[in-house]
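Protein sequence lines correspond, in order, to chains E and A.
Residue numbers for the first sequence follow the UniProt record's numbering, so the first one is 1 and each next one is one higher.
Residue numbers for the second sequence follow the UniProt record's numbering, so the first one is 1 and each next one is one higher.
Please keep in mind that the hints were generated in silico from the structure rather than gathered at the bench.
Check each hint, because a few of them may be wrong.
Pairs count within a copy or across copies, as identical chains cannot be separated in the list.
Derived lysine to any residue pairs resembling SDA-like cross-links, with alpha carbons at most 20 Å apart [unchecked claim]: (1) 160 <-> 198; (2) 140 <-> 53; (3) 140 <-> 114; (4) 140 <-> 41; (5) 140 <-> 50; (6) 140 <-> 43; (7) 126 <-> 136; (8) 85 <-> 95; (9) 140 <-> 39; (10) 140 <-> 117; (11) 30 <-> 59; (12) 202 <-> 189; (13) 140 <-> 47.
Protein chains: 2
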Amino acid sequence: MADYELHCFGESGHSYKAALMLQLAGCDWKPVFLDFFNGEVRSEEFRELNEMGEAPVLRHSARTGEVILSQSGVILDYLATATGKFAAGSAVERREVLRWILWDNHKMSSQAGVLRFMMNFVPEEKRSADVIGFLQGRVKGALTVLEAHLQDEDWLVGDKPTIADFSCCSYLYYPEPFGFDRAEWPNISDWLDRIAAIDGWKHPYDLMPRTA
Amino acid sequence: MADYELHCFGESGHSYKAALMLQLAGCDWKPVFLDFFNGEVRSEEFRELNEMGEAPVLRHSARTGEVILSQSGVILDYLATATGKFAAGSAVERREVLRWILWDNHKMSSQAGVLRFMMNFVPEEKRSADVIGFLQGRVKGALTVLEAHLQDEDWLVGDKPTIADFSCCSYLYYPEPFGFDRAEWPNISDWLDRIAAIDGWKHPYDLMPRTA
Chain E
1 MADYELHCFG ESGHSYKAAL MLQLAGCDWK PVFLDFFNGE VRSEEFRELN
51 EMGEAPVLRH SARTGEVILS QSGVILDYLA TATGKFAAGS AVERREVLRW
101 ILWDNHKMSS QAGVLRFMMN FVPEEKRSAD VIGFLQGRVK GALTVLEAHL
151 QDEDWLVGDK PTIADFSCCS YLYYPEPFGF DRAEWPNISD WLDRIAAIDG
201 WKHPYDLMPR TA
Chain A
1 MADYELHCFG ESGHSYKAAL MLQLAGCDWK PVFLDFFNGE VRSEEFRELN
51 EMGEAPVLRH SARTGEVILS QSGVILDYLA TATGKFAAGS AVERREVLRW
101 ILWDNHKMSS QAGVLRFMMN FVPEEKRSAD VIGFLQGRVK GALTVLEAHL
151 QDEDWLVGDK PTIADFSCCS YLYYPEPFGF DRAEWPNISD WLDRIAAIDG
201 WKHPYDLMPR TA
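Chain E extracted, bound-state conformation (with noise of 0.2 Å):
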């Protein structure tokens, strides 16, 4: 069994911020498919391992007894403390890299998710124009505050890369569109490439199991 086993599915960006912390941290992990499409997590089974009804769910077999984490932020903290990779290096830069992952969950891939959910996994006659440019607005307001933050630096927190970079890179390698276009935000651009250029970087498709 592995040490770590991650409920996820792989059109989940929040899943994704787990699944790739697993992988460029080098953990003995495995993805378990979690059919979000046909309401899983709805299941009195899944609401046992999460009351809050999301993926993604981390088991880690510990030595001293199983770990069940939920929330991506929680996950990724909890990885970086127990690999001692892609972690803070101070007080002061564990701060900042909270202050992103908090600020990925209200305003980055929180809206980011939604909206492509919206606009390529819900059939069209309930699509409402409204608010899919609503959230094209929230969703353009996040860029722009990465994009700036991203002139003069090349990772989010410091001079390497964190689970700050990982939270809020996650919605925005996946194919379908939703209003995010690369050529637009030139910063957010090199530092995906960057992110990518880790060893042993995956696509979030080819990390985890997708919906047939």
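For this one, chain E is given, so just place chain A on it according to the hints.
Same frame as chain E, now just chain A:
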């Protein structure tokens, strides 16, 4: 000069999280009014303080120099460590506190804050029924998770109030309508009463200056 200055405005639930913690932890603090509705967060001066362009921002005159923090979750974590109050008791509880704060930023305050803004502070002709309906669905989903968690628990984590409670409760004390009716959520309502019974508690509009 006070030890802590909080750049905030009364209408901001994100600011309230930090203000409430400063108040209940008995810190020497004062609010500094941020004129959000007239665009102060977009000013060069404010962007210097917080490139994310968001309230709140905390300035702490620490012995080792001034510390400037943004993102309410970072501020709460910093104050819990600095004061030793409303902090998690163990590593497991610390992860649970972070988990609820991340969930709040992703699913609760973020959605409720924008919804309340759309329904009360945006000119009527600019409101979209589709967007309001969409956000109400998101908020209802979050309230359902919170209501279920509080079925057998007095507090979100462990057996006493923590910064997780102060994060998740923030928008739920405001009087402006956004589709949240306490009568429909009895466990949440009782929990809000428990928080309001903590010595020193104040309503957001009594803790922070409001826009005229």
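- Message: Checking an output row: residue 85 and residue 95, CA cutoff 20 Å. Within, between, both or neither?
- Response: Answer is both; intra-copy 17 Å and inter-copy 18 Å each pass.
- Up to 20 Å CA-CA - residue 50 versus residue 140, copy category: Classified as between: cross-chain Cα gap 18 Å, same-chain 31 Å, threshold 20 Å.
- Query: Are the CA atoms of residue 140 and residue 114 at most 20 Å apart within a copy, between copies, both, or neither?
  - Reply: Intra 14 Å, inter 16 Å, cutoff 20 Å: intra and inter.
- Up to 20 Å between alpha-carbons, please classify residue 140 paired with residue 53: within, between, both or neither. between (28 Å within a copy, 14 Å between copies)
- At 20 Å max between alpha carbons, let me know whether residue 140 reaches residue 47 within a copy, between copies, both or neither. between (33 Å within a copy, 17 Å between copies)
- Message: When Cα atoms must be at most 20 Å apart, do residue 140 and residue 41 count as within-copy, between-copy, both, or neither?
- Response: The answer is between: 17 Å across copies meets 20 Å, while 29 Å in one copy does not.
- Query: Which holds for residue 30 with residue 59 at a C-alpha limit of 20 Å: within a copy, between copies, both or neither?
  - Reply: So residue 30 and residue 59 pass the 20 Å test inside one copy only (10 Å; across, 44 Å).
- Item | residue 160 and residue 198: within-copy, between-copy, both or neither at 20 Å Cα | within (11 Å within a copy, 43 Å between copies)
- Identical-chain pair category, residue 140 with residue 43, by Cα at 20 Å: Intra 35 Å, inter 19 Å, cutoff 20 Å: inter-copy only.
- When no copy is named, should residue 202 and residue 189 be tagged within, between, both, or neither for a Cα gap of at most 20 Å? within (16 Å within a copy, 46 Å between copies)
- Query: Between copies, within a copy, both or neither: which fits residue 126 and residue 136 at Cα up to 20 Å?
  - Reply: both (17 Å within a copy, 16 Å between copies)
- Query: What label fits residue 140 with residue 117 when the C-alpha limit is 20 Å: within, between, both, or neither?
  - Reply: both (16 Å within a copy, 19 Å between copies)
Of the numbered hints listed earlier, not one is contradicted by the structure.
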